[in-house]
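Enquirer: One-letter residues, chain by chain:
Number of protein chains: 2
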Amino acid sequence: MATPIPSHQRIVPGSVNLPPYPWPATAKDTSVDPVSIAESVTSKLNGSLSSGDFASISELFIDNGFWRDHLALSWTPRTIKTSAAIADYLSSSPTKLSSVQVDLTSEFRKPQIASFAPGGSPDVKGIAFYIKWGTSLGTGRGVARLVQEDGEWKIWTMFTCLVELKGWEEKVGARRELGVEHGKQEGRKNWRERREEEQEKGEGEVLVIGAGQSGLTIAARLKMLGVKTVVIDTNEKVGDNWRKRYHQLVLHDPVWYDHMPYLPFPEHWPVFTPKDKLAEWFEFYAKALELNIWTSTSLTSSKWNEGTKTWEVKVNKGGREERVLRPKHIVLCTGHSGKKFMPDIKGLSEGVFKGLAVHSADFAGAKQHQEGTERKRKAVVVGACNSAHDICQDYYEKGYDVTMVQRSSTCVVSNKAALKVLLAVLYEEGGPPVEDSDIWLHGWPSEVMKSIQIDLARIQREMDKDLLEGLEKAGFRTDKGVDEGGLFMKYLQRGGGYYIDVGMSQLIIDRKVKVKQGEEIEELVENGLRFKDGEVLEADEIVFATGFMNMRTQARHILGDEVADRVDDVWGWDEEGEMRGIWKGSGHPGFWFHGGNLALTRYFSRVAALQIKARLEGLGA
Amino acid sequence: MATPIPSHQRIVPGSVNLPPYPWPATAKDTSVDPVSIAESVTSKLNGSLSSGDFASISELFIDNGFWRDHLALSWTPRTIKTSAAIADYLSSSPTKLSSVQVDLTSEFRKPQIASFAPGGSPDVKGIAFYIKWGTSLGTGRGVARLVQEDGEWKIWTMFTCLVELKGWEEKVGARRELGVEHGKQEGRKNWRERREEEQEKGEGEVLVIGAGQSGLTIAARLKMLGVKTVVIDTNEKVGDNWRKRYHQLVLHDPVWYDHMPYLPFPEHWPVFTPKDKLAEWFEFYAKALELNIWTSTSLTSSKWNEGTKTWEVKVNKGGREERVLRPKHIVLCTGHSGKKFMPDIKGLSEGVFKGLAVHSADFAGAKQHQEGTERKRKAVVVGACNSAHDICQDYYEKGYDVTMVQRSSTCVVSNKAALKVLLAVLYEEGGPPVEDSDIWLHGWPSEVMKSIQIDLARIQREMDKDLLEGLEKAGFRTDKGVDEGGLFMKYLQRGGGYYIDVGMSQLIIDRKVKVKQGEEIEELVENGLRFKDGEVLEADEIVFATGFMNMRTQARHILGDEVADRVDDVWGWDEEGEMRGIWKGSGHPGFWFHGGNLALTRYFSRVAALQIKARLEGLGA
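Protein sequences appear in the order of chains A and B. Per the UniProt record's numbering, residue 1 is the first one in the first sequence, and the count goes up by one each step. Per the UniProt record's numbering, residue 1 is the first one in the second sequence, and the count goes up by one each step.
Mixed in with the good hints, there may be bad ones.
Just so you know, same-sequence chains aren't split out, so a pair can sit in one copy or run between any two.
[Said to hold, decoys possible] Taking lysine to any residue and the SDA-like style, the derived pairs with C-alpha atoms no more than 25 Å apart in a straight line are:
#1 416 / 183
#2 237 / 263
#3 465 / 183
#4 237 / 197
#5 416 / 175
#6 237 / 196
These are calculated hints, taken from the structure and not from any lab test. As the structure is a computational prediction, the values presented were derived from the model and not from experiment.
My request is simple: use the sequences and hints to build the entire structure.
Expert: Next comes the structure, spelled out in structure tokens:
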């Protein structure tokens, strides 16, 4: 029998577990002028690019250097490793990259001496700077990190991401719309009439399924690119995907990390957004960006026509009428919270259990215990990540006797450490513009990102020492994440398995909430659950905080086997460290996945929208 | 018989028509270091303030210098003129102004050589810089302008405005709310439940009447100061005050000038906001700022208790229930567009006219003329300012035969000149932060503001030369505004009388829309209007774009004679050039007026809210 993979090492099946990148040596000489070094490297790069001397480009990189590219050099996100492969890649690039410029427009962007390893041991000093660049097709930004090798400054990592397409520049700032056509226009309609018409008509080159953060962000990006888009959602109102979740839900990520494109949260916005407040923001976001969203609308059938490269999609609009849409592209945005995942437990579907048994998605909230008037109710929550913890806390605060069922282990990070260690510098009060932070973050190749996260997770565990020890003593099993990369690696490589503590851990440490650890559930019985070890846990209410189906399974549910059989698996890394199946061609023409937390959808909505636009316009994609 | 006041010189009755300020001499020597001069003047000012040597302060000013003060030195907005009066004013100030600092935090704020007279003839060079200051009660900002007199740099105008009160600092940025209380809380309610409770309860130290830009901005400012506030509005939905206005309404002011406090318009927002889009923004603004607004709610009675200094207000909430509120303060925010002003024309109330006769506030929009199927309908619009023009344009575009009735004269400014001349530099794409622009603008004493506006209006008229000549030729009478101060002076001193051209002027010039000029209406007849000159103008539809009642009249309508008899007249200047009756004590304790366009309500909502807070907290106000 093969040794089972330990829980903390579990990643999305089929994805590649890239190792951490060994830190390069620190620069010997840091009393240099970073601007002139950056200018010199950039100028050599430009020279080689313009002469087509790709061999000389490889000499600008260290042997094991990277070029991560989000659409500057090809129409799919790529991470190219080794200087030789980079030269090859550039030589075969269909777009002519040129005029790479050092970005001197702010202190944060300017070339500077940086310490790349956050743990400081080893200390890895080098030079980091933002860049701007252009091709015949568009303009973009990026970030370069240099290290010193044998006295020479070489590129360790280069990152280029496309921001705007020529001819389809976003209508913001000086290019914003006028809002009115001055001068006379016969039979003019007013803005509301035009909006209502457009919304009702639903003419779309792209159909987006789901109006959560994924659907809204991709629709907003497409709108800015001038792509006609219709979003459908089965919910009655935009925002219901959050509104209908469990009663006490408040985002575990802070406001600085959560901004949506084009409409940043204002400066009075709370650090952590309650679900209903986020739902209101979503509703307004759709209006402010003038997105065309059909609510209470479900897809009834879909068919891909290989000849015309067009979908024929039938939807039930508003529960009232059938409408046929013929988009060129479908983007599935039903997210991690689209379809519930319920474990297949004996007795569950048969209704053996006499109490309330629901998935966390259907959990309305705990009822307040009335002291003295009734016996204490018993709640069991199956699962040990964010939702499970929040629901246990809700039960506890309302006077229940609560047990959490933790089957494997959980990566726990205190709220404080999440803010001060994992997100600090990039996403904090007074931090850099969020677009700069995103470029910094996504500008790391995944292998290096893992090394960084291992450092950060070590600092975080030190900060959370008492918390983690207390949890272990109380019988709750914590883990360090994939390759000890902590929360962030768990999110990217596994899509879950963590808890950002907002108070529940102390309740476990104080034995106020009990933990049933390491046992699988055998079956539901009339008055509770029976575990494989024979123990019966009594319960009046059982909540399964067991997560949601993966996106490919959702595609199967919504679009059928014909589509799902052609698409790639979603989430986790491919061999380059790019995410699989999502924010790039899915394997099925005209079909895309988009999803993730608010921060990922903010950045990757643009990556995905630009690819779709490029295909619609025949830009060689 | 006294000579009648010409139309362009008409100002709000009882207000003071301050003359333009004669430009001071230009600085002889501008090759100086403005920062060190600013530092030197500021340091002398601080020295005198700390030693209480007020006589020496007067020497820092030119004789006819100004100190405009919005709540740094007293609890009412004031403009003090002459160095002697300034010394007196400072010596009797109840707050101890100290630590006036030159604001070096941005290029725009830093001391610099400035040309104060926009016309450039005379050229008036001096030094301008932003300041920060503190008292025992709060902190604020301001702007100082220096001129050179006999080789010495002296203060020409000083402006101080209170921004924050100590102990009640606004919860923005680093002081934003957490949004969640981490750790356990027995019986915790979620955000939505708490919001709904607060909203329903309606406990308010302040009652705001009207939920347009005035009501929303004052409620937002009060909220940031921790003052419990309830807003009532007779409309069904927030935003209806704009939504229900005429069909084609689009703001004539651009987005850069229109930002509301705390929630700036995003960078994709159109330059000119259509009314329904603004209405959506208002709805969301109320939600995002978590304002407590009761819609469909009207005031049924109100009584001021002089002993307890409290109102007893009865309202009909939602058309369903009577509720009694006991606020300490009422802020009337029903604005210029609160109650319609209909001229008292014979035949109007008797229904002699057989067609449609409505006020612009009730005008639903023109119907499209069906070519060939019906005779051309005739429309007459009474009035010659923004609304009248927009409504004429709507009628024309829908195929009507249209006549505008202009009884006096109108100050016309092309849209282009409004943007490029009147608002440029301060309110434009890529301009300074809007709070800086507001301080620059309101930092001018009104007399100097008039001199500036006279210069700008001259430039504007030059730019609009063809337009204005064309209009005059077509029989439309244009004017230059009060003392030739153009649009802005008309707005501040008269509260109307202008048109920002968005296309209608050309229709008049081309005789596509007719003008009936200079005649008063005698009566309505069955098929139209008869003028005093005997002419009968046939009409199927008549719209009275005759404006709205003044705020004091509205107070009478809503709160009765007892209140209205005690309040001051509203709008236009007092003898210092501060606006009368509004954004300061109204004359009736616990009663305030707030109103104006989006830009004025943005700035003055803070001025008013700080005064109310100071009174509630007994800070000597």
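Enquirer: Each of the hints needs a verdict: does it hold here or not?
Expert: Checked hints:
1. 416 / 183: between (57 Å within a copy, 12 Å between copies)
2. 237 / 263: both (20 Å within a copy, 23 Å between copies)
3. 465 / 183: Between copies only: 18 Å across, 69 Å inside.
4. 237 / 197: both (19 Å within a copy, 22 Å between copies)
5. 416 / 175: Intra 41 Å, inter 17 Å, cutoff 25 Å: inter-copy only.
6. 237 / 196: both (16 Å within a copy, 19 Å between copies)
Violated hints for the displayed structure: none, as all numbered hints are satisfied.
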